[in-house]
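Starting from the known structure of chain A, fit chain B onto it as the hints suggest.
There are 2 protein chains.
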Amino acid sequence: MSEALSSQETEELERSLAASDPGHDARVHAPPDPRHLNLPAPRVQPPAALSALFGADPVDRAGHTHGKAFRDVVRNLRGDLSAAPDWVVRPTSETDLADILDWCSQEQVAAIPYGGGSSVVGGTEARFSGPAISIDMELFDQVLEIDRTSRAARIQAGVYGPALEDQLRPHGLTLRHYPQSFAYSTLGGWLATRAGGHFATLYTHIDDLTESMRVVTPQGVSESRRLPGSGAGPSPDRLFLGSEGSLGIITEAWMRLQDRPVYQTTASVLFDSYTEAVAATRAIAQAGLYPTNCRLLDPNEARGSAGMESGGGILVLAFESADHPVDAWIERATEIVSDHGGRVQDRTRRDAAGASSGGAAGAWRSAFLRMPYWRDALAQRSIIAETFETACTWDAFEEFHAAVTTAVQGALNDICGGGTVSCRFTHVYPDGPAPYYGVRAPGRWDGLLAQWDEIKAAVSEAIISAGGTITHHHAVGRDHAPWYAQQRPDLYAAGLQAVKGRLDPAGIMNPGVLGIGMPGK
Amino acid sequence: MSEALSSQETEELERSLAASDPGHDARVHAPPDPRHLNLPAPRVQPPAALSALFGADPVDRAGHTHGKAFRDVVRNLRGDLSAAPDWVVRPTSETDLADILDWCSQEQVAAIPYGGGSSVVGGTEARFSGPAISIDMELFDQVLEIDRTSRAARIQAGVYGPALEDQLRPHGLTLRHYPQSFAYSTLGGWLATRAGGHFATLYTHIDDLTESMRVVTPQGVSESRRLPGSGAGPSPDRLFLGSEGSLGIITEAWMRLQDRPVYQTTASVLFDSYTEAVAATRAIAQAGLYPTNCRLLDPNEARGSAGMESGGGILVLAFESADHPVDAWIERATEIVSDHGGRVQDRTRRDAAGASSGGAAGAWRSAFLRMPYWRDALAQRSIIAETFETACTWDAFEEFHAAVTTAVQGALNDICGGGTVSCRFTHVYPDGPAPYYGVRAPGRWDGLLAQWDEIKAAVSEAIISAGGTITHHHAVGRDHAPWYAQQRPDLYAAGLQAVKGRLDPAGIMNPGVLGIGMPGK
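Respectively, the protein sequence lines represent chains A and B.
Sequential numbering of the first sequence, starting at 1, is according to our numbering.
Sequential numbering of the second sequence, starting at 1001, is according to our numbering.
No lab work stands behind these hints: they were computed from the structure.
Please note: incorrect hints may appear among the correct ones.
Label-pair ranges, simulated between beta-carbon atoms [as the list claims (entries may be wrong)]: (1) A:Gln486 x B:Asp1208: 21 to 31 angstroms; (2) B:Gln1486 x A:Arg148: 46 to 56 angstroms; (3) B:Ala1048 x A:Gly410: 53 to 63 angstroms; (4) A:Asp490 x B:Asp1208: 23 to 33 angstroms; (5) B:Asp1025 x A:Arg148: 48 to 58 angstroms; (6) A:Asp446 x B:Asp1208: 43 to 53 angstroms.
Since the model is a prediction, treat every value here as computed from it, not as a measurement.
Glycine included, every Cβ here is placed at the ideal spot set by N, Cα and C.
The shape of chain A in the complex, shown without the other chains (with noise of 0.2 angstroms):
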């Protein structure tokens, strides 16, 4: 899939935008080329024995600045690259990294993970003052040794999706987890940041896919056991499952796979009312049917995404299984929205692999991929497009619901004279869904990012007074840190500080994120 628009798809673009903004100045606003752009030199200087690993290639240096984020896209337009990194580095083995976070230490430089640079939460970003290394781990890139028995497989951390998925496939196994970054992310990333895959409930998230794990700290390496389940004190990998490079840097892990899929059936349903859709859905995920996808998309998100129109929205539901068929299942769930006045429109069946799903499945999966790429034309021209995730308890989400779109809205109009807001469900609990809402606006090309960072304000201080987390599978990096503090327990960060402490005593790992290890950076 090709990253840019097509011509076609610009055409598209720009006669959607001058329909729905007529006034809106829509100028195309092309990148610098970045070879012009007088990065400065380098503050520290490698020692001899690791000064192969080091580069200062501007483009390199560049390309590592940001991450994936609406504001990245934006400070990349305008050439803003004041969070460079002075070096990329990339080991090649544990006894490199171990090197790489001496010298860190001692010379007191910033050492930031750098996986597939897909973070939306600036958790990649050099946002501080002082040296800063990104460590790229593209070379750690093997998937090293299967337990076709287990359905496992230990995997190096630094393994992109696609190049995971092909080292897999020959073995019939699959890890399932296809976070909308897939292509540009990487294992470690995913571990480090807790990602969400792209599968409704259950074995999706993949803190829950992670047997064990191998970490490199400051302080040196930290393996746990290879165990299916273990009641053994706090589960060692929960505390680096989520920590975001604060504590030191993941180099490989043992991951639970998945046979690949041979039975599946999608149904799209259609609802006249917002809430009965909702409570639809909240049943299906309280059944214990457990379908692979189950997202609500509401009206907006219906039309935008999918093409659609709907009162109450679309209810995407998929049932997939590598040994059995899945009729019973989708049979109940089509029972169950049916009794919430839900009209089924397209279902689709297979038994083999290959065909895809076509309906509103079908072009919602396809949007959900290139959505990244409009996201991008639409910032070369002026237009604030992104989005942000949550997720709250099923008796709280109709006040949550009202109170953040709210306050979105309310924020578009104050400081863009208008937009849109759309929310789809991206997973759902038998106690709560996580919606995850897109937000869409003209904006002024001079003041682009500030007027992001004000509605995004808006946003977090919506969700975390309603009651919801400010990231469902985003992670907090630095974008969310003040948010995050509201959140967590004081006395858990005070632990958690402590255990930085003890593994990072110079405060080195990815100085910011977490909204820790940032005194004297």
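Coordinates of chain B only, in the frame set by chain A:
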């Protein structure tokens, strides 16, 4: 269900002992009268403001000295109460609790959280020098709030299993967490020890049923936000889950509930070959069917617990749902077992709650709940009867099982001149089983404890060297600490110790569990 054996059961036991161990000295050793124990006087005096909460009744102190392991039963029978707490304290509120912990910190008195006292790993025992109090949480026994929509409840940590279910039943809800200790253990104990429920797959571990927690530490209260899922940093709850009272005392939690099941179907499957039985169990664990029970009893276990003869063991299967009939599920499961040479013996099916299942499933369940009472009666007759449990990956199981059973049988032969070992799977995961072993051997009354400790050490060595976990759901406590020290990553232990230093600077919280917090105790 009465605690003691009936006279008929006692006769049966003695007949069976005479047959199985004809030369054994099976004289009955009655427990001493707890009123004549002559416990030493408390070494510290409570502060006046809190003295109403403190009790030093000898029977009460004796009752809070040990847990419910075989070695606890033996020590109780022998009147060995050297580890009795100085006081039993029953706080009525979090304020009481905070005051108690303040006093403990000031006076260097160890604080041992006490739920139901059903630890089988010395988790509630004052096994150290210096004064100690047992903090019995039994007055924290209420369900405080119910959220029917999200199916969750805010529950105080001191509530026992049956009282908890009694409070949920009027709402049609259940926690459905049934450890063997259900009647004699509390929510707080389950949370602190990462308890495993009766069900074999999916939402059965207390970890996964936890939405949020409140913990009173010596440095204040930590409360996490109620969320169905979150990717905001490492999970705060996962730090306290499994901390075994070493960081603070859990006072309440929001727990995920379920609707009470309506549809149920069970089957017992007989195998001629244990290898085939294991393969069938693995296939089911990997099929995405998620049975509520999937317990493979090996031939010894099938004979001892379910009274059934089999060459290769019996697999007890069950599916349950509150939402839909589960015929499709069990149909596929029986296809899978048939493919592996299993013969379905009896199948039951019900569409409404009420009737209990018969066959091996029913017999086994009854034996499961009565087992601790048989164990106590055996101990009185100098028979060693105990269990231990672990987990490993499927690829490792055959070799692991051989190593463990060889070690146990060797130890039994050396130490007791013989004995039997049996195995069942309590939980199955896609990547491995949780084997649970039962041991029975004729002991000598005057050396019963030393005999068991020697067997247990041999078993634990075998588990750790063969790659298993020292505990899948019994916890670490004090008994497992030496082997836990080999299992957990050293740097993780250092991190946990750093957290403890921050939350419990005086080191008063349950010193010795998890092998941490011993300095000065």
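Hints and how they fare:
Gln486 (chain A) and Asp1208 (chain B) have their C-beta atoms about 26 angstroms apart, which keeps the hinted 21 to 31 angstroms range intact. Between Gln1486 (chain B) and Arg148 (chain A) the beta carbon distance is about 28 angstroms. The supplied range of 46 to 56 angstroms is therefore violated. For the pair Ala1048 (chain B) and Gly410 (chain A), the supplied restraint of 53 to 63 angstroms holds, since their beta-carbon distance comes to about 57 angstroms. At roughly 26 angstroms, the beta-carbon separation of Asp490 (chain A) and Asp1208 (chain B) lies within the given 23 to 33 angstroms, and the hint holds.
Against the hinted window of 48 to 58 angstroms, the Cβ-Cβ separation of Asp1025 (chain B) and Arg148 (chain A) comes to about 52 angstroms, which satisfies the hint. The beta-carbon spacing between Asp446 (chain A) and Asp1208 (chain B), approximately 50 angstroms, falls within the hinted interval of 43 to 53 angstroms.
When held up to the earlier numbered hints, the structure conflicts with hint 2 and nothing else.
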